[in-house]
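*Asks:* Given only the sequences and the hints, what does the whole structure look like? Please build it.
Chains as they are written, first to last, in the numbering used here: chain F, -7 to 333; chain D, -7 to 333; chain H, -7 to 333; chain S, -7 to 333.
FYI, nobody ran anything at the bench for these hints, they're computed from the structure.
Some hints could be false.
Stated by the list, open to error - Simulated pairs of lysine-lysine, BS3-like, Cα-Cα distance not exceeding 27 Å:
hint, chain 1, residue 1, chain 2, residue 2
1, H, Lys19, S, Lys292
2, S, Lys322, S, Lys296
3, H, Lys10, S, Lys10
4, D, Lys19, F, Lys10
5, H, Lys213, D, Lys213
6, F, Lys19, D, Lys296
7, S, Lys10, H, Lys19
8, H, Lys19, S, Lys327
9, F, Lys322, D, Lys10
10, D, Lys213, H, Lys161
11, F, Lys296, H, Lys114
12, S, Lys213, F, Lys213
Claimed, not checked - One side of the interface only, derived from the structure: several residues of chain D facing chain F at Cβ under 7 Å:
hint, residue
13, Tyr0
14, Gly3
15, Tyr17
16, Thr197
17, Leu202
18, Ala230
19, Lys231
We put the beta carbon where it would ideally sit given N, CA and C, even for glycine.
Protein chains: 4
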Amino acid sequence: MLFFVNDYCEGAHENILKRMTLDNYFKNPGYGSDPVCESARQKIRNACKKNDADVFFISGGTQTNQLIIDTCLNSYEGVVAVETGHIALHEAGAVESTGHKVLTLPAHEGKMDARELRNYVKSFYEDENHEHMVFPGMVYISQPTEYGSLYGKAELKALRSVCDEFKMKLFMDGARLAYALGARGNDVTLPILAQMADVFYIGGTKCGALFGEAVVFAQMKAPPHFLTQIKQHGALLAKGWLLGMQFDELFENDLYTTLGARADAMADRLRYRLIDRGYKLLIETPTNQVLVVLDNRVMKALAKRVRFSFWEVIDKTHTAVRFCTSWATKEEDLKELMNIL
Amino acid sequence: MLFFVNDYCEGAHENILKRMTLDNYFKNPGYGSDPVCESARQKIRNACKKNDADVFFISGGTQTNQLIIDTCLNSYEGVVAVETGHIALHEAGAVESTGHKVLTLPAHEGKMDARELRNYVKSFYEDENHEHMVFPGMVYISQPTEYGSLYGKAELKALRSVCDEFKMKLFMDGARLAYALGARGNDVTLPILAQMADVFYIGGTKCGALFGEAVVFAQMKAPPHFLTQIKQHGALLAKGWLLGMQFDELFENDLYTTLGARADAMADRLRYRLIDRGYKLLIETPTNQVLVVLDNRVMKALAKRVRFSFWEVIDKTHTAVRFCTSWATKEEDLKELMNIL
Amino acid sequence: MLFFVNDYCEGAHENILKRMTLDNYFKNPGYGSDPVCESARQKIRNACKKNDADVFFISGGTQTNQLIIDTCLNSYEGVVAVETGHIALHEAGAVESTGHKVLTLPAHEGKMDARELRNYVKSFYEDENHEHMVFPGMVYISQPTEYGSLYGKAELKALRSVCDEFKMKLFMDGARLAYALGARGNDVTLPILAQMADVFYIGGTKCGALFGEAVVFAQMKAPPHFLTQIKQHGALLAKGWLLGMQFDELFENDLYTTLGARADAMADRLRYRLIDRGYKLLIETPTNQVLVVLDNRVMKALAKRVRFSFWEVIDKTHTAVRFCTSWATKEEDLKELMNIL
Amino acid sequence: MLFFVNDYCEGAHENILKRMTLDNYFKNPGYGSDPVCESARQKIRNACKKNDADVFFISGGTQTNQLIIDTCLNSYEGVVAVETGHIALHEAGAVESTGHKVLTLPAHEGKMDARELRNYVKSFYEDENHEHMVFPGMVYISQPTEYGSLYGKAELKALRSVCDEFKMKLFMDGARLAYALGARGNDVTLPILAQMADVFYIGGTKCGALFGEAVVFAQMKAPPHFLTQIKQHGALLAKGWLLGMQFDELFENDLYTTLGARADAMADRLRYRLIDRGYKLLIETPTNQVLVVLDNRVMKALAKRVRFSFWEVIDKTHTAVRFCTSWATKEEDLKELMNIL
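*Replies:* This is the structure in structure tokens:
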């Protein structure tokens, strides 16, 4: 069976496993208070050119979204996301389970439009009944988005400006951030992100780590007693250095961006070959998710030999599907997929 | 620096790291739906002699306690624990953060007394105002307890009987279960546990795994749509097979109990040597936590070369401290500790 | 100042105040366990022709919605409502604050379309990732809707049928139910409601009481230990008989429907006169909310002498506003409003 | 049947019912934004000699406790109360249902000891693991306590001083405050309370109103967007003026304290007569709750003709019970009770 179903079906980059094996018997204090975590934190601060950033390591993406949104919002506030945002659709109501509403706006290839955001928030404050409504306290975006598209620097600035105008926090979900940083045409570097976002995270789980997300508080400080809040959310890993160790490796010699760029290049090759063969892409994006329209008969035949994701129904005889490359995808995999197709 | 501060300061047993490295590029579906998890589940069912048990893998202990208690209780119910129970004291209010009260009883060397439990619950139902109070819906115990003591089979039966009488669930926190299973004099095997507890977990984090706890629904089925509930709690690991893989190794050739027994034996050696040297134990237990009373001057001198835990103040000049052995403790460590003492 | 801003700006029908004054020194047990509440419950059961219905009295509408939705849903379930539903927009996230997502569908003059509901739920269960999503566990509708429109019997049956197909509960918010029961053309009587809805409430606050909503569990039993759950939600009134007393009066000689019919008739008169004068209604409804389009200059002039509600912007020079009649509106009020217009 | 079971079994003082009847058709804006509420707020500010106090009206006591504790605490904080505190025992876990732990200390005739509080909080901060524990963020006391006892000025000052030392808020539950203000020997006036407590409430439900508690933010401002938070908690009464109206009457000519003093005097008479007849009081207090020890046979006989509360078992043949007077208790009631005894 060939796997193009997601970017988290393999273990971790070999540097990480080697490091874990090497340091296995080194005795560390728990909960992230160890020197390995501190080293990883400093590498991330350096990469972000933000030396006073608070950095925390959390095991998973939904957990991180739930934690950050719950601890950064007041109880009368909700978080604004696009309808296709991961927190709005695919996290089983994890945000609502902490008491906060997800307020939704239309998605444009997965992205939020700054003007629509501004109209929405402006209308909210102009509504004479807004005190009976959920206040928009934070804006949630993903880079790359759930559709694989990217925000450009100008788009981020426009969103930031609306956040400033209405005193909302800007939170960026970077579960797949490596694939944004490594994409052709990307103009949003880590230092730029750290200037734009109040808080964001650098995804490990989908970008070469076994698990783990590095949360960076860039334009705000971490909420008070954040360690206690992590613990209360059930998100404090006892052997915290396992998280630090992985990011310490990923941020050595820019491995993180390199892994992303490799997967993006694989995705680009796949796109070119698909177009060559006459397939139609659902949308054009530069990252590791390839959305392509298949004839349903082709799709069914393919499903016997390849695992991929259903995306959306196009019409009675066509369906959009997703092929996902990862940091571990090889040229042979691509070839085999094209052969099967 | 010598570490006796806890049982989770090293990585994992080498079998686990080898397996991870070996299978690193094997492509698995996510969220625990993979064959490795299924293999581990079956080994655990076999070890428990309970072939219809639902088994789930969760990353950490507080997370597991929070998840199980929240999903197994009705909203008008709380969980009964002893005052020294981990959920009552050291989880930053994780249980309360999901809306449930922790109802406390006195602890006897960390254990709950079945008669006191019965009196408490009986009084509750006899109180004419009990509909204005939190219903006791579950009993939480730890094996071994937070003091390293063990429930015997007869004690468990007595608790079970009260639970049956008042329709409460019995939940056992087995974060350190290996150290109970491997202890001299222990008469509570996994199959007995599986007959007594509605739900319990087999701790990995503190017993030789990198992280992970195996939840066993023994005398009850898992709550409906439990996967969704795990996700909603932020506790669903994307690469679920990492958890399964670790338990697949721990339950190969009974490695789990072996590791526990080894640490217990190390703790016993330490106890004998301490007693030999005239030190007084705070309480006598057969597991990996050694609670000993030190003169404060000795304690302070020791703290410069050994990491251990403060336990409790005995009097103005004496303090009880904890030395913890683990699956990875070596005879040299013990010798060095005794030399320093 | 003339008030057409809402239907809860006066006290209560005089029968209620007389009764309260008359029985003021009668000593009642607390929390709804008194004979007055029992009498009111029985009258409501009779009016609903549902003698085994559980009936509870709660002080306010948002409180009732929050309580019912939270106690009737499992934690992995959300409630489906139209985008203009009161719980979706105007309750400050009260539902989400208890952990449940409000899942929204388009509104058609405030109503939910049964076919759209079915498509949505069917797609949910067909989605291979639905275990990572919030399950639709309940359908919330309002009668009359927030736009003053009514569901007909056939429409309710269609919704009920979808609920049955997918095992969802049907919950009806009847904050303004008197104005539905008393409306020309209404074919949904209380007994029909009690056959269609799992649970619904008969609004008092907006229909002639000082405060209070009567919750009727019709096609389901009340959740277990419901009194405890009411208490836990902070919604248990100490002097519960104050609620029972009001409904005991409202259900004496069908006062409830009579009050609704009177307000509807006043609204109809207002509609006819507005149309006569050439004003355009935003939508045609038979209940006590009159939605009319005004020239902005007219609106601004009017606002100096009449309190009404802003509804929505129509175009640059026109706005829809709401005039609300109530059980206490008099012909003189209408005349004065028409004079000012 | 004679009622001494509680102080909330009658309606309201006649001034309140008269006012409600008189103003019944006056049209008020909703949610407490009316002139009646403003008048009541100002009277309360005057009575407290605290002209900048934020004052809000809430319908019930449990609701108020839940709301204040949830909105004034950070999520990592709990509230410290004595074991017999209403929030700890008799509110069905309403505080925990909002995510906050109730941390308990021993009760001394219902009161908290400032030294014990200080020891507890000091130990908390000295514990090296306190970041894994619930922070004490607020102290909850009741005046009078659940046992009818009173804090003196010096005791309040001592508690305040501990709160200042450790930056905790001091919250006072005044559900029965009238009976404290009117008690012989009481030295804690409203202005003193307003200097000592960050926030407290003046109970209406148990002190002559139909329902309602007046929350006074004295040494702190109300939490941001408090109206929205009240709404979100389901605690915002539509016809808010009904609450304001009642306090406007209770604070006219000091009616509130007068009603309390009258009930206290009745309770004192009852105490003297009981002592005269040889009965033993459980504890000596100056407020409206009379705790007396009865022979079980006397208790059973009495229960056929009088409603009172069971308090606690004294020994096999004796039980402590509570007789509660209220603002509406008459000399005839006392006489009849003594006759029956």
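*Asks:* I'd like to know which numbered hints this structure contradicts. Please list them from smallest to largest.
*Replies:* As far as the earlier hints go, not one is violated by this structure.
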